[in-house]
Amino acid sequence: MKTSKRDSALKLESRQVGPATVVRVIGSAGMEEAERLRALIEDLVTRQVGIIVLDLADMDFICSLGLSAIISGHIKCRHYNGQIRLLKPQPAVLQLLETTRLTQLFPIFESLDQASKA
Amino acid sequence: MATQEKTTAIPSDFHLARKAEDELLAELARRGYSKGSLFSIKLALEEGLNNAIKHGNRLDPKKIVELSYQVSKDCVVIRITDQGSGFDLGAVPDPTSDENLEKPCGRGIMLMRAYMDEVHFNADGNQVRMMKRNT
Chain G
1 MKTSKRDSAL
11 KLESRQVGPA
21 TVVRVIGSAG
31 MEEAERLRAL
41 IEDLVTRQVG
51 IIVLDLADMD
61 FICSLGLSAI
71 ISGHIKCRHY
81 NGQIRLLKPQ
91 PAVLQLLETT
101 RLTQLFPIFE
111 SLDQASKA
Chain C
119 MATQEKTTAI
129 PSDFHLARKA
139 EDELLAELAR
149 RGYSKGSLFS
159 IKLALEEGLN
169 NAIKHGNRLD
179 PKKIVELSYQ
189 VSKDCVVIRI
199 TDQGSGFDLG
209 AVPDPTSDEN
219 LEKPCGRGIM
229 LMRAYMDEVH
239 FNADGNQVRM
249 MKRNT
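Chains G and C, in that order, are what the protein sequence lines are. First residue of the first sequence? That's 1 in the working numbering, and the numbers climb one at a time after it. First residue of the second sequence? That's 119 in the working numbering, and the numbers climb one at a time after it.
For the record, the hints were derived by calculation from the structure and aren't laboratory data. A portion of the hints provided could be inaccurate.
[What the hints assert, rightly or not] Below 25 Å or equal to it, Euclidean Cα-Cα: the simulated SDA-like pairs (lysine to any residue) are:
id	chain 1	residue 1	chain 2	residue 2
1	C	Lys-221	G	His-74
2	C	Lys-221	G	Pro-107
3	C	Lys-137	C	Ile-182
It should be emphasised that the depicted structure is a prediction, and the values quoted were computed from it without experimental measurement.
Make the full structure from the sequences, and use the hints.
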């Protein structure tokens with residue numbers, strides 16, 4: 001497991017689950033942390049990772065900069081038929097995704113097993 | 119608990135803006151604001167401060183963002199002012215339309231309006247005033 005960790009409101013932990021790279025997003029993806037999320041997603045997309053699962057079960061906040069990082073990754077990975085999937089967003093985050101209609105862009109899963117399938 | 123008023127001048131820096139934001143959110147938490155209200159206010163603050171720093175002040179560290187607020191147990195009024203030349207509110211596209219969904223940017227104002235009870239911009243476009251009732 002690779003961990004991107006600092007004394008910060010955001011922790012990112014990546015691991016492989018079957019064909020998917022699962023990124024556990026822990027804490028707050030706000031304006032100060034969004035760039036780290038962007039950099040990690042960018043790295044995965046550059047390596048053409050086919051299935052990127054963002055595990056949001058422990059992410060209690062995201063702002064538009066965090067959303068921008070995910071959307072940018074979505075656009076780039078589409079070029080190689082990759083996909084970003086969202087796993088178990090907390091209710092407030094799910095409502096935010098619905099308010100922004102980003103539920104139209106990203107498949108949302110409640111089970112890691114389903115989210116990580118090819 | 120009496121109404122608290124505070125004004126802070128923040129250089130155009132996300133870390134310093136976050137410290138000011140945390141101070142306000144801590145005050146609201148002390149006054150018993152609900153978890154839902156705190157989420158909404160945090161989101162609107164982040165969007166407003168990000169817009170002021172990134173778009174208004176163009177990340178110029180010499181430019182200041184002024185954050186002022188009045189907090190009571192029932193509601194909070196927040197003003198964010200940047201030193202930029204403003205913008206045309208009417209020219210901001212709808213980020214929820216089909217043609218704009220995949221655009222990485224442009225959601226800040228929509229989110230402020232969705233999550234706060236009142237949002238007003240001054241005529242110059244360099245100040246936003248927002249109000250949220252504790253629910």
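- Query: Are C:Lys-137 and C:Ile-182 close enough, with their CA atoms no more than 25 Å apart?
  - Reply: holds (15 Å)
- Message: Does G:His-74 sit within 25 Å of C:Lys-221, going by the straight-line distance between their CA atoms?
- Response: Holds, at about 11 Å.
- Item | Given hint G:Pro-107 paired with C:Lys-221 - CA-CA distance at most 25 Å | holds (18 Å)
This entry satisfies every hint, going by the numbered hints stated previously.
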